[in-house]
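Student: Spelled out from the first residue to the last, the chains are:
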Amino acid sequence: MKQTKTTKPKTATGMLIRRSVFAYPYVVWMAIFILAPMLLILYYAFTSDGAVTLENIVRASSWDNLRVLADSVRFALYTTLLCLLLGFPVAYLLSQMKKTTAALLSVFFIVPMWMNFLLRTYAWKVLLSAFTNMLYTESAVLLGMVYNFLPFMILPIYTTLIKLDKSYIEAAADLGANPRKTFLKVVLPLSMPGVISGVTMVFIPSTTTFAISQLLGGGKTMLYGDLIYMKVITEQSWDTGSALSIILLAFVLVSMTFMKKAERKTSDEGGGRLW
Amino acid sequence: MKDKHLIELIDVSKLYGGDVALSHVDLYIKDGEFLTLLGPSGCGKTTMLRLIAGFIMPDEGRIEMDGVDIANTPPYLRKVNTVFQKYALFPHLNVADNIAFGLKLRSVEKNVIKEKVEAMLELVNLKGYGGRYVEQLSGGQQQRVAIARALVNEPQVLLLDEPLGALDLKLRKEMQVELKNMQQRLGITFIYVTHDQEEALTMSDTIVVLKDGVIQQIGTPTDIYNEPKNPFVADFIGESNIIPGIMLQDFKVRMNGVVYDCVDKGFGKNTEVDVVVRPEDIDIVPADGARVFGKAVSVVFMGVHYEVDVDCGGYEWIIQTTDFVERGQVVGISIPPDAIHIMKKTQQTNLFDAVAYPDDGEVEILDHRFACKGLEAFETKDDVLVAIAPVDVKLIPPEESELTGIVRACMFLGTHYEVTIGCGEEDWIAYSAEYMESGEEIGLFVPADKIAVSANEAN
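Chains as they are written, first to last, in the working numbering: chain A, 31 to 305; chain B, -7 to 451.
Hints listed in this document are in silico derivations from the structure and should not be mistaken for laboratory results. Take every hint as true, because none was put in to throw you off.
Cut-off 30 Å, straight-line C-alpha distance, at most; resulting in silico cross-link-like pairs (BS3-like, lysine-lysine): (1) A:295 to A:196; (2) A:295 to B:78; (3) A:211 to B:119; (4) A:196 to B:96; (5) B:203 to A:196; (6) A:193 to B:78; (7) B:106 to A:215; (8) B:102 to B:78; (9) A:295 to B:106; (10) B:108 to A:215; (11) A:215 to A:129; (12) A:215 to B:102.
Have a look at the derived ranges for each label pair, beta carbon to beta carbon: (13) A:210 to B:3: 31 to 41 Å; (14) B:106 to A:138: 47 to 57 Å; (15) B:418 to A:149: 56 to 66 Å; (16) A:107 to B:188: 49 to 59 Å.
Which residues of chain B face chain A? A partial, calculated answer using Cβ under 10 Å: (17) 45; (18) 47; (19) 94.
Even for Gly, the Cβ is constructed at its ideal location relative to N, Cα and C.
With the rest of the complex left out, here is chain B (with noise of 0.2 Å):
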């Protein structure tokens, strides 16, 4: 692999409607990487290959191809191609010339596309399906003739889709080695779009890993899976026990009381940190003897491995093991230094514009009225920032609370569930002790001595 970035997106952001699909991003692809972009729906990775491929224009920053900005160049003077989700093959075209599509555009002889067109279909190992038509062929098969029509054109960079996403699980598994030995073999750049963390390990060189519009790390795939830079990183790249503790100094971490060994350092002293231990890295040992036991209050067999829920009072550890326990059955548990990983705790924070109404003690947030206090230093309708941390957002009946939102995503972090709740334009973070489903309706109330009121300097 070459070390020369091909693509390069500076500060680029984008929007739909008002809505932030990307938020200033910055990232290069290098030459000849098979680069992942990884995330949930809706968290841009698609937005972003668009931008890539020339679908859709930023409204701020630079794509540089060779460095050259290309951000406003039309797709079809773009030396990208895209193999898309759904295919988008012809279908009023065969599949030699679904193929030869894009040669025949650039007016390349008649024998030498059929050549071409011959050499892919091998390639995909389609020979002698030319002459079919699409709806004639399975979604594997159609999946062959998208990135045929693609790699045809000699792109510098493949663009891909979600290129797997309709297909079946053993067809996914065996495309997918396929597609990495033929990316390896062509030395073509691919840009790969994903909502599956296992595609994304199996195949990628690099893995970006995005959520809402933004970057949360980018690495190795072994980077990304062992050193997750934070609780949603490491909640969506497999599964992961996510538990608050504290670094007293370095090499050593409390959960849950326990202080542990542990290989990481530079945090300071008593710093408050999240541990993300993976449940496969966690030893049933005998509970005799052990620090840390419970009782086995889940048993699953998963095929290779038992699922195991393990009970220490208060935290409910994951583990993945081959030894069989019997549920119910009281364990110990030991955790090698290696196996803990610490992340900064990442504080969020509740920011809203808000309005003063000193005289009835109230502010106003999102067209809501919220019973506040502190508010002696300001004047009626003043402009004011007020903070709420998420400890102190109590979620309640939507019947009962005047401001309402819809849950958009719960992450268990150990103790507690970290919930977002949409409420018309504003994202809230809450603290929850149950999971809430996605979509659910939801009602805030926040205390009126919860509510820190600022200044807003921006106005």
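Okay, chain A solo, but in the shape it has when bound (with noise of 0.2 Å):
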């Protein structure tokens, strides 16, 4: 009887773990994956023997390098807008289809992303120089881009479509818009926070993108990405390297900055969430 009375509590309190716990394997994942990486990159670009100095930054922040990041800049906005331009149609129809039908075709979309990018550009790479004479071209490098970043357009917009509640659209009819008009002043305005989204996940990626315009552009294209690849890796140059990486970081916070801003804007009109 003692003994059931003093060990109950000792279990119990035993039991109780704090849902925090199951964090504690991400924590240490991320501590030692990502954090300390990113602690090496910045000890990398800040320090040259051992001492404190800008000089790494004012080496990469060179002319020639700004004009890969605003080659890179470039590539991402081509990309994004090409996607955009794909992926909202495609959106749009499949959102309009039966549910079934609908996930039937975007499983076309889906199973590709299921294959590794790098297998999926080598197999482009193949296909553009036994068809066509595109390969090492910067077309090919942009096909290269589109092709692997369509599905994060067509999906965050798809899904805002579909939550568009259809009594809108019944409304704008109902107060005289046709089918066009109703697109424009409706459907359009109600699925900005996708596109808002879709141009994230694109634009952020894709200006970081190094491997594809290797692959397709044959060295021709130097990206942004390309160039850390080459210092680190190649020139084994690890303080430029890093200094580069923190200047691209600084961009894509400031490029994300722009982006939540919009999005933020947009969602407070009551637009609808993200994914």
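The two chains are supplied separately, each in an independent frame; assemble them into the complex guided by the hints.
Tutor: So, in structure tokens, the structure goes:
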């Protein structure tokens, strides 16, 4: 009797695991594989022979390097624009279909994503060299990027569109809007949260692309990612590579802030949620 | 009110994936009237409204506006505007832009739009709210914006789909009065959908009662309340006592063995009828000397009146009275002749297509075999028609039956409940002594000698 009395509360408290415990494995993972490398990059970028310096950053901000950044941004903008132009109609058509048909069709967009993107890019390399003379041109790089990032544009827009209450469309028609006007004045503005989400998910990763340009551009098109790769891997110049990474990181953070602002503005107007 | 027929529905039917939403509906709507489509959920009232708005097209029939068939005209070309059930205000526009939406599409001049929007905001008591976004408004305010957005286009007809459903009781009452005033002031035709019979009675010029896609009765609120055409209407509009009776001759009806004077005639002699008596029309009198008396089995205070159930041996009368009655007290009841409303008996029969198997002595109804007599005249696999009286349908626990269905509706008819049971595509009507919840599963059984088989002449 006495024993049960004393052991009971003990086991009870022993069994009590705070829910945050389940996050520990990931916290450890994050510390080793995300936080530590970041700190290393910071260390390499701002030190030289153990002394704190801005020299690496200044060296990395050369005109040549900034031009590569500008090129990368240009490519990312083209990619984003093309993905938007191709992706929005697809997302819209999917959203108009029966759920089952749409689910079946979206498999065609999702299944390729199960394969590693490098494999898919290699496949393009073979296709382009066999059937066109596009390989190793800027167009080939752009094609590869659009191909790889298109699903990230379609899915958030599609999600926003299917969540769009049909009564808004009926209300517009009821007030005298023909299908074209309804699309322009109601469907398009209300799909903006999805568009912004899609733009973010295409623009940021495509600014930092590197392998696609190497594989399909044949080294003729140098993107910022390639530049970092070259500095760190080929030249083993970790200081410059880290400094370049810091500049890119700063650029990405600034663009993210702008996107967030736009996103907050549209969702303030009640357009719905991302994803 | 002018007598011109503004909108006319002629033999309109609409199916949704094989289910009948509206069945051969004929209705005209007069210019300037406040017409209410009333019925329980799934009765087809919203379907009817959406047909008039143009969001859906009828499968059969014509919809005429000003004499022109508009059944296939898209909504943006119709001179009607809708106030949606959940308002459907555009979240990306502010209140003023929401209201201006229709005007901008018709390229009305900017300063005219501004004036009209201001005037509308004033009409719906939302002056100064133009710059706000929809989500910053309360439900009642959103409701007003929705009305303003529709009315600013000066439609000939305003369609309202349960517009007050989301508001609390007090606000709903206020809005009822406001809507009615607005309709009278503007002289616009309102077509109003609701399942709330009280709302319908308060606001309408004309009420259309619907059930299962069929119009049950069209009339003024007074007509519908005082002279319901069938037990469904009587039961749906207000509380009522529905009792089977026999019309002995003109002005004489017998209920529960007692003969009452009434004011109805023209039913013939000794005809079975249904009698409706409203609870507030029954007087409670001293038991001494009363022809009918019983024990008050339940007394509930309802605010203005008491609701008293008086058990007069076999039938419980629901009575609303302002006099207090002690529970258990024996009281007499008196029904004035003009409180008695006679309705033609609605004879319900279950009619099904079936296949005969005379060798087995069975018929197959809805993929289920029933033992059956009187099949000698038919060949195996003949298509036949079977008729089963509701009284012969026995309701048994579902686990004991091969054929089961789901209770769709249950209506008290004085001495018994009439239960509608959905079995796949067909509905069965059965009688039950007890109340059954909608959605309950129940088994069906029919004795072999109660199935009347006849040749199916349709085939």
